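Residues per chain, in single letters:
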Amino acid sequence: MRNLNKFILGFWIPCLLILNLITSCIDRLDFLGDTEEGQLVIYGLFTDLDEIQVVNVSKTVSFGLQPMGVINALVTLLTDEGERFAYFNAGNGNYELRDIKAKEDKRYALEVLVDGKIYRSSFESIPSVIGEDSLSFAFSYEPFRNEVSEQVFSLSAATSLPSSSDSFFLRWITEETHLWIRTIVPCAGWCPPPFPNCFIYDILEPNRLNLFDGTKSSTRNLNQLMGKRSVDNSFFYPFFFTVRQLSINRGAFEYWGKINIMINNQGSLFDIPPAPVFGNISNVEDQNDLVLGYFEVAKSKITRIYTTRADVPFYLVEPCLYMPGKPLDSYPRGCRNCAERAGSRKWNELNPEWWKFD
Amino acid sequence: MLNPNTFSCLKAKINLKEIGKKRLPFLLYLLWYLNILTFQTVKGQTELIEVSFHQEISKKRAQYYLTGKVSHVKTKEPISGVSIHIDGYFKGNNTDNNGQFFISLDSGIHRIVFRQFGKSPAHYQVELFGDGQLDLALDNLDFELETFVLEAEERDRNIRSPITGVTKMNIENIKLVPAFLGEPDVFNVLQSMPGVTSVGEGSAGMNIRGGQADQNLIMMNETIVLSNSHALGFLSPFNGDAVQNFTLYKGSVPSYFGGRSSSALNIEMRKGNKEKWIGSGSLGTAVSKLIVEGPIVPEKTSMILVSRLSNANWLLDKANDLDVQNSNIRFHDIYLGINHQFSENSSLDFNLLNTGDYFSFSDQFGFEWDNIVGSLTSRNLLTGNFSLVGMIAYGSFNNGFFEPTQLDPSKIENGLHYFQGKVSGLLTLEKMDISFGGEAIQYQMRPEGLSPLTSESGIAPKTVQKENGIEYAPFISVNWNPNENIAISGGLRYSNYVQQGPDSIYRYEEGIPISRINITRVDFIESGKIVKYNGFEPRFSFRWTFDEVSSIKAGYSVMNQYLQTISNATGPTPIDLWQLSTTYILPQRSHNASLGYFRNFKDDEWSTSLEGFYRTTGNQLEYRDFAEFFVNPHIETELIQGEGLAYGTELLIQRNKGGITGWLAYTYSRSLIRTTSEFSEIQVNRGNWYATNFDKPHNISLVTNFHLGKGRTFNTNVNYSTGRPVTGLLSNYTIGGVFIPNFGNRNEFRIPNYFRIDISYLTNGFVRKWEDKINFSVYNLTGRRNAYSVFFQREGTNQRLVPFQISILGSAFPSITYTVSFGK
Chain A
1 MRNLNKFILG FWIPCLLILN LITSCIDRLD FLGDTEEGQL VIYGLFTDLD
51 EIQVVNVSKT VSFGLQPMGV INALVTLLTD EGERFAYFNA GNGNYELRDI
101 KAKEDKRYAL EVLVDGKIYR SSFESIPSVI GEDSLSFAFS YEPFRNEVSE
151 QVFSLSAATS LPSSSDSFFL RWITEETHLW IRTIVPCAGW CPPPFPNCFI
201 YDILEPNRLN LFDGTKSSTR NLNQLMGKRS VDNSFFYPFF FTVRQLSINR
251 GAFEYWGKIN IMINNQGSLF DIPPAPVFGN ISNVEDQNDL VLGYFEVAKS
301 KITRIYTTRA DVPFYLVEPC LYMPGKPLDS YPRGCRNCAE RAGSRKWNEL
351 NPEWWKFD
Chain B
1 MLNPNTFSCL KAKINLKEIG KKRLPFLLYL LWYLNILTFQ TVKGQTELIE
51 VSFHQEISKK RAQYYLTGKV SHVKTKEPIS GVSIHIDGYF KGNNTDNNGQ
101 FFISLDSGIH RIVFRQFGKS PAHYQVELFG DGQLDLALDN LDFELETFVL
151 EAEERDRNIR SPITGVTKMN IENIKLVPAF LGEPDVFNVL QSMPGVTSVG
201 EGSAGMNIRG GQADQNLIMM NETIVLSNSH ALGFLSPFNG DAVQNFTLYK
251 GSVPSYFGGR SSSALNIEMR KGNKEKWIGS GSLGTAVSKL IVEGPIVPEK
301 TSMILVSRLS NANWLLDKAN DLDVQNSNIR FHDIYLGINH QFSENSSLDF
351 NLLNTGDYFS FSDQFGFEWD NIVGSLTSRN LLTGNFSLVG MIAYGSFNNG
401 FFEPTQLDPS KIENGLHYFQ GKVSGLLTLE KMDISFGGEA IQYQMRPEGL
451 SPLTSESGIA PKTVQKENGI EYAPFISVNW NPNENIAISG GLRYSNYVQQ
501 GPDSIYRYEE GIPISRINIT RVDFIESGKI VKYNGFEPRF SFRWTFDEVS
551 SIKAGYSVMN QYLQTISNAT GPTPIDLWQL STTYILPQRS HNASLGYFRN
601 FKDDEWSTSL EGFYRTTGNQ LEYRDFAEFF VNPHIETELI QGEGLAYGTE
651 LLIQRNKGGI TGWLAYTYSR SLIRTTSEFS EIQVNRGNWY ATNFDKPHNI
701 SLVTNFHLGK GRTFNTNVNY STGRPVTGLL SNYTIGGVFI PNFGNRNEFR
751 IPNYFRIDIS YLTNGFVRKW EDKINFSVYN LTGRRNAYSV FFQREGTNQR
801 LVPFQISILG SAFPSITYTV SFGK
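In order, the protein sequences belong to chains A and B. Here the numbering used here is used: position 306 in the first sequence is 306, and no number is missing along the way. Here the numbering used here is used: position 815 in the second sequence is 815, and no number is missing along the way.
Just so you know, these hints were derived from the structure itself, not from any lab. Mixed in with the good hints there might be a few duds.
Computed Cβ-Cβ distance ranges for the label pairs, DEER-style [as the list claims (entries may be wrong)]: (1) A:N264 <-> B:S550: 54 to 60 Å; (2) B:S680 <-> A:A158: 44 to 50 Å; (3) A:F88 <-> B:F630: 42 to 48 Å; (4) B:Y597 <-> A:N207: 54 to 60 Å; (5) B:A440 <-> A:N207: 48 to 54 Å; (6) B:W689 <-> A:Q287: 18 to 24 Å; (7) B:R507 <-> A:V129: 28 to 34 Å; (8) B:N518 <-> A:G343: 46 to 52 Å; (9) A:F88 <-> B:S451: 34 to 40 Å; (10) B:F630 <-> A:T308: 27 to 33 Å; (11) A:D115 <-> B:W689: 47 to 53 Å; (12) B:S451 <-> A:N221: 18 to 24 Å.
Note that the coordinates shown come from a computational prediction; the quantities given were computed from them, not determined experimentally. By construction, the Cβ of each residue, glycine as well, lies at the ideal position given by its N, Cα and C atoms.
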């Protein structure tokens with residue numbers, strides 16, 4: 001009997017303790033609250049496409065919140081031939097340049113004047129080769145945001161890479177655009193025109209940076225996942241996915257490579273420790289005045305794919321369907337107001353020119 | 001022998017027989033806890049062995065020599081470091097590495113006691129009227145006593161030993177420190193001693209007196225062991241059941257050790273039993289072990305085989321996380337030791353250590369590495385006071401890192417092998433012993449290869465040739481005890497290093513930082529010398545004992561290091577690359593100074609010490625931001641060198657005997673570095689001093705052993721340390737929809753402080769007729785989630801990045817090991 005007691009105490013109690021092991025070893029920290037504000041961030045993308053070229057100028061704010069747009073900057077595009085093209089201030093720190101696109105025989109730089117200080121990027125040229133993307137999508141039921149399975153949309157791209165012997169570096173940006181139709185309340189007699197449709201834009205899985213170094217692989221056909229998202233009532237209407245392939249230079253590739261490392265660190269033993277990332281923009285008079293961001297000149301190619309309700313294998317409820325007798329204020333606020341629906345996402349009421357589907 | 005039935009007590013007289021032994025441990029503990037009882041043992045009858053040596057009357061002299069050898073009564077192995085007390089005094093005489101002693105005494109009758117920690121002392125009455133040889137054997141101390149006694153030599157060793165900053169311990173003590181999985185582990189014990197820390201959980205990567213993990217010379221029987229990461233870093237490769245003892249030199253390293261700039265750790269492995277075959281088997285919750293030892297040729301040749309095998313996968317299956325469930329961990333280690341005694345004065349030892357590890361995390365990534373170290377050592381006593389030891393060794397390890405689910409599944413492999421040879425002589429004189437010799441190590445790095453893991457992978461196979469080099473050094477060391485109160489130890493080592501071909505030497509554009517984009521040409525050198533470095537390494541240590549119980553010690557040493565690991569991970573990893581010095585990577589050179597005050601109390605029942613140290617290191621390696629180390633033919637472009645600075649104080653309070661033993665260690669230390677490039681753009685933190693990854697100013701360890709009698713002990717280990725530095729987040733910003741963290745200076749912030757309690761209970765088994773034992777231990781009893789590292793992630797749908805801490809062990813980790821011995 002004594003030996004039996006020893007056995008119970010000595011073996012089974014530890015086993016039960018093991019079964020009660022706490023499973024998660026990740027906890028939120030509050031000790032890194034000493035954040036810094038006021039650091040200048042400049043980002044510009046200049047491509048060879050006929051599109052509006054955009055530069056964002058902002059400053060960081062404390063507590064790690066979204067940076068604030070700088071509205072009083074003067075932004076100019078420079079060429080190595082001495083040309084200067086002024087960007088138009090579109091508000092909220094966005095500066096736009098129309099009717100200008102990158103050409104292979106020129107080199108470009110960005111100059112930003114803020115608070116009396118001049119910040120200038122190095123001169124960059126546009127790469128000459130780019131690949132060809134072919135998109136596909138799939139719906140599945142699998143764990144995504146946590147261990148519980150849910151309805152998931154996945155976008156993939158098959159890319160034919162250039163067979164050029166020149167080194168090339170690729171980056172992809174995947175944007176989603178979905179249609180949103182507000183609740184249409186029937187009326188009799190003279191009625192105001194119906195609300196225009198909303199188009200809501202977002203980056204698909206922003207933390208997924210798809211990068212490819214053509215100098216490190218002999219692959220010429222690339223298959224990669226461009227992003228995933230949960231399936232929600234956005235898929236009730238046509239839903240477009242825009243994949244922009246950018247052929248960038250080595251400096252920009254290394255910059256995005258560092259960004260990729262930082263936003264995907266998981267805290268494991270093998271993580272590369274984080275560090276400040278500085279790009280190709282600097283204060284022309286004070287090298288100690290550090291600037292965040294990058295000015296990249298890229299060859300670009302855009303590919304799109306869309307889904308309709310018919311593609312979705314899950315049951316979806318029309319989100320803003322008018323129901324007689326239901327009080328108007330009991331509809332979701334997003335069914336009355338596009339801004340409410342979009343939240344922090346970009347939106348407008350203009351049909352994109354590429355919004356065409358069967 | 002001590003009589004456990006009689007104690008003198010300051011406030012009460014206790015008759016143990018009346019109380020009954022069963023209740024004794026609890027009662028004694030209670031009295032001790034209430035601070036109303038102190039112990040003082042009363043010596044009983046001592047067995048005195050009388051021997052006499054006589055000379056012809058015509059050759060009579062005033063002094064005679066007494067020589068001899070001390071060995072273990074069971075294993076017959078010589079015991080080094082046995083203190084020899086003559087007529088009640090200890091004058092610094094110890095047995096040498098071969099167990100030999102040589103002393104000169106006045107003619108007459110002397111009372112001589114041979115003592116060593118963990119051994120029963122041997123008491124002799126010697127009639128010395130002629131030169132004599134006295135060979136004797138010591139047995140292990142019987143720990144079945146109600147009290148545990150750290151024997152005299154060990155108790156006052158801190159006062160008497162000439163070298164400062166030495167930590168020495170044998171397996172009996174190692175087993176008393178609670179450990180992960182209940183496995184007695186040298187590294188685990190060391191981390192509870194002052195001046196020794198680690199960046200994470202487990203045993204990987206000891207940082208000794210502010211030094212990097214690769215600045216420690218780790219040896220098994222003086223054979224270099226380079227690959228020390230085992231069982232994901234939770235265990236050292238040295239199975240505690242095969243360890244005899246260890247010695248850590250963290251202050252002044254003797255000149256017969258070299259090649260690292262911080263410390264030297266020599267782990268002596270056990271030799272097999274020479275009389276009969278014995279063994280034991282253990283089954284644990286995560287590890288199983290088998291030990292077999294015995295005579296191949298009785299009294300001549302013995303062997304010991306100790307193996308350890310993991311069975312931890314069932315623990316992973318219990319996790320809720322699918323990725324953890326799909327992970328796989330395997331490891332093993334095998335130690336084989338063969339000893340052959342040609343004669344009383346000549347022996348040959350063969351040692352072989354093999355470890356293997358495999359770990360895959362779900363189907364995302366994995367590692368595998370193996371390590372083998374073998375040595376052949378010949379020990380010869382040529383004359384009564386001169387011995388010669390020769391050793392040749394071979395070491396090899398291979399590392400692999402694979403990523404099965406990447407865009408292009410790939411595998412990276414690297415490794416190195418090395419040959420080591422060492423010859424050392426030891427001349428023992430009356431007040432001095434002189435050791436001298438030479439050591440050479442040839443390193444041959446294996447080519448590093450990147451290969452596709454599957455046939456569909458687009459990875460282009462790539463191989464990078466790595467360096468070869470040879471390091472050699474003559475050395476001499478002298479220990480001199482001019483009188484009882486003073487001991488001086490001095491030494492000199494002249495280390496040389498030659499990088500040998502073949503290798504490709506990249507040449508870079510001058511006037512700008514070297515990088516892969518400013519390579520101007522490549523010179524290929526087929527063979528011969530590429531670059532050579534050398535330097536004198538003086539070593540000095542001094543001890544002044546100004547009374548029976550206190551002494552002051554000081555030490556100074558210079559050490560060069562030609563082989564180092566390079567890594568940009570937060571801590572040591574199994575796949576850290578070893579890197580030889582090259583044209584661009586200059587050898588490290590450290591200057592170490594230490595000063596200590598040692599004092600014992602109450603007849604050496606308590607030992608205390610207060611030590612300070614200061615070290616500067618030149619050419620300490622750091623990684624550049626976002627360095628890429630793997631398959632990089634010009635690794636120097638990812639590195640930057642600088643100067644290191646470490647300083648601190650260490651306090652140790654140790655109780656050596658009684659029902660409760662243990663120690664309290666407190667260390668205050670800083671470890672800083674600054675890069676010293678002439679180019680500001682690659683300077684880390686703009687060339688300012690900053691904390692190293694392992695800078696943890698405050699460290700406290702409390703180890704307590706409750707000796708409950710009949711082989712039962714209850715042990716606790718409490719650890720607290722300042723959180724280590726990390727690079728933290730200053731702000732967030734957005735580019736093209738991507739929310740990007742903006743990090744501050746390297747190691748500007750700190751993770752939360754570390755706190756952990758471990759307990760273990762060692763007891764006899766439950767089968768009366770077996771010699772069985774149970775080790776029940778709980779690692780991290782309070783289940784505290786100690787941060788190992790910090791990472792930044794979005795929280796839910798919020799774009800803002802917030803810091804999270806990751807803990808390697810997020811809960812209490814209990815384990816139980818059942819061991820059955822046979823043949824004893």
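Hint by hint, where does the structure go against what was stated? Just the numbers, ascending.
9, 10 and 11
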